[in-house]
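Chains H, Z and B, in that order, are what the protein sequence lines are.
Counting the first sequence from 1 gives a position; this note's numbering is that position plus 3.
Counting the second sequence from 1 gives a position; this note's numbering is that position plus 9.
Residue 53 in this note's numbering sits at position 69 of the third sequence, and the numbers go up by one each step.
Derived by calculation from the structure, the hints in this document are not laboratory data.
Please read these numbers as outputs of a predicted model, since none were measured by experiment.
Every residue, glycine too, gets a C-beta built ideally from N, C-alpha and C.
Don't take each hint at face value.
Between beta-carbon pairs, the in silico distance windows are [what the hints assert, rightly or not]:
| # | chain 1 | residue 1 | chain 2 | residue 2 | range |
| --- | --- | --- | --- | --- | --- |
| 1 | B | 160 | H | 178 | 43 to 51 angstroms |
| 2 | B | 140 | H | 152 | 23 to 31 angstroms |
| 3 | Z | 230 | B | 157 | 47 to 55 angstroms |
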Amino acid sequence: MYGAPGGGPTVYDPLTLPSDDNVNNYTFCVELKGSQWFLQKGKMIAYYGQMDFNGIGHGRLDRLVRTSFHSPLHASDWVVAEGSGKMLLADRAFDVNSYDLEDGNLTIRSGNLLAFQPTLSLKQSIVPGFLTLIGTGKFVAASNGPVVFMEPPIRVDPQALVGWADCPSPCHHYDHGYMTGLMGGLRAMTGVGGASGEEHQFEFVGAGTVLLQSSEALMAEQATGAVPQQAGVPGGGGGPTGPGQQAGAPRLPGQLGDLQRRFGL
Amino acid sequence: MLRVAIRVPLHPQDLSEEPYGRYLRCVAMFRLQGSKVLAVDMTGDAVKAKNGSMVAYDGQMDFKKLSGGGEGLRGMVTRRITGEQMTLMEVKGHGTCWFADRASEINLVALQGDKLYVESSNLLATDSGLRTGTSFTGMRGATQGNGLFTTTIEGHGQAAIMSDGPAVVLRVSRQYPLTVDPGAYIAHQGDLRQSFQSGVTFRTFMGEGGGEAFQIRFEGDGLVYVQPSERNTIAGEV
Amino acid sequence: MAFREINSKMVEATVLPGQRLFSQRGAMLAYRGEVSFTPNMQGGQGGVMSMIGRRVANEATPLMSVEGSGTVLFGHGGHHVQVINMTGDTLYVEADRLLAFEGTLEQGTMFMGSQGGVMGMVRGQVTGQGLFTTTLRGHGSVAVMAHGGVIQVPITPQRPVHVDPQAYVAHHGDVRNKLSTALGWRDMVGRGSGEAFQLELSGNGAVYVQASEEKL
């Protein structure tokens, strides 16, 4: 057996790797014993044993998909891992952590969800760019920096939001205070002085937990897919989706261009 | 209800205000200051380090660019293809020199006459007692240009390799072969055979950024270093 | 009212009535209570002249002032945040790297060129930040961002420290700075500009160097 690199980092093998737990802050190890896990494509870094990775919607996984995966628009981003062995998951050197949901519900930004057990049901949230997990089971989430848990009432910068559990969906909070008065008028008209960048947050109230990360830059990738173009569906009623510049004029709540940008599409 | 099992984070990079805080290990004259900065104390000797990776030094230092890739025609071709990124420089002097590269995590490897294979762009520094060379593993690089070049290091001494996020070291034994995503592979040492495996199942990975169409299978007896990231190590990288 | 490190990428500050904080615009992650965020026209206490000075220098980092009563979480781009507590001396820091600081500190800008002549001007271009560096003096807490975290390297009269300008984050103390080229360093063509120069710091104090030769 080859020697360890002289007093350096821990050397792992299939027996010493943890089962369904973190190896370090950025790597998670899942143990499969003839079982299955859903995971995002490209997030498996290594495995011991015998494993198969199949895209969703391929024949014999239909039953599994029917019970656990209700997001046809995201299907292309996910695969099912099955087999026996130990598999390491990681995502762009982001912090990864596992969480247990006990008959609960959690809504999480799609780009932050890495993997979950099929006992949980994945649905597409009515909030564009987010997925909702319902039921009992374990899931693994990635974040830029460790996730910080806070309880409502709290207002959160949209880009810092990872997700929320149990409490009601957030509402928008617009800070128009600084817009009033002479300076406010000046800013509105000339754009001089600019915006603080903090004019809009998500406001959470109620009992539950809000998950935050330090990220003013959205975790890119993960095409969330377009929502059905139907009346009544947020984000689906049309409207420009271009990344709007922060103009001097205040945006009215509900204006879709802003919503879509804020929700991370 | 959301129940959370929180791991108490052990962040070696949470640095205190104390100057010259020495952390973790002290290996020969290579030492880590935090997990992302390599400090090398030199008293007239030299180290080879990745071009552009020096962030600070005190005392008296001289820097010399080395022609990487090797001698002759093969060396020229290697240099042309690998570009500036792969170039090593030699640093010699008296004092302390600090190296870092894009906040990558650093791992120290002590070699005792054996050979270490490292993705060329993941090598930060080696001390002068080690010989470096290049080996082509062309097949592996076929699809994404990833892993075309591997740097070999052998001899007796210290090498510092880096990764995007702390590396995990996995042991390969006859009983337990290992399959690795090429974007996560950093380095390996020991008596290992590499083969490339792709299966029907992996076809479903194609067309999506961040997923390789094939995996590397290691068999034999040795160690493999992987990083918690699928960052392309050559072609797609900065 | 110091900054409390929540984790390596986030700090929390308690805002009390009558006390003021400044932060980079867009750096607020979440808050509780009644807190207002106002873009700061003058860029702090430097007055109108200071603002103009910044415009001339093409400084892109606008600040906002944070007032009210509550707690605020600050962070930006997932960058590593380092808290430096000032006890009377002066901190010199690149404005781009300032995440937030207490209003008790006196702000100013320093024309780095004054200590290095022509080379100073070049260095301004090299650090990509313009000609001005922000100075903070007094007692208070400063939260600074860096790529990958920082190490602190002491500067003593016997041992001046040479730093890659791209890796320079901040320094404090009675320190002279000089931009110079080193024989051989010019051969070190690295990524981006600035590799041909090194920043030489001498005197008494310490320099904060980040674990990356890339600017934020």
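Comparing the hints with the structure gives:
Taking the beta carbon of each, residue 160 of chain B and residue 178 of chain H are about 44 angstroms apart, inside 43 to 51 angstroms as hinted. Between residue 140 of chain B and residue 152 of chain H the CB atoms are about 44 angstroms apart, so this pair departs from the stated range of 23 to 31 angstroms. At roughly 53 angstroms, the beta carbons of residue 230 of chain Z and residue 157 of chain B sit within the given window of 47 to 55 angstroms.
This entry does not satisfy hint 2, going by the numbered hints stated previously; all others are met.
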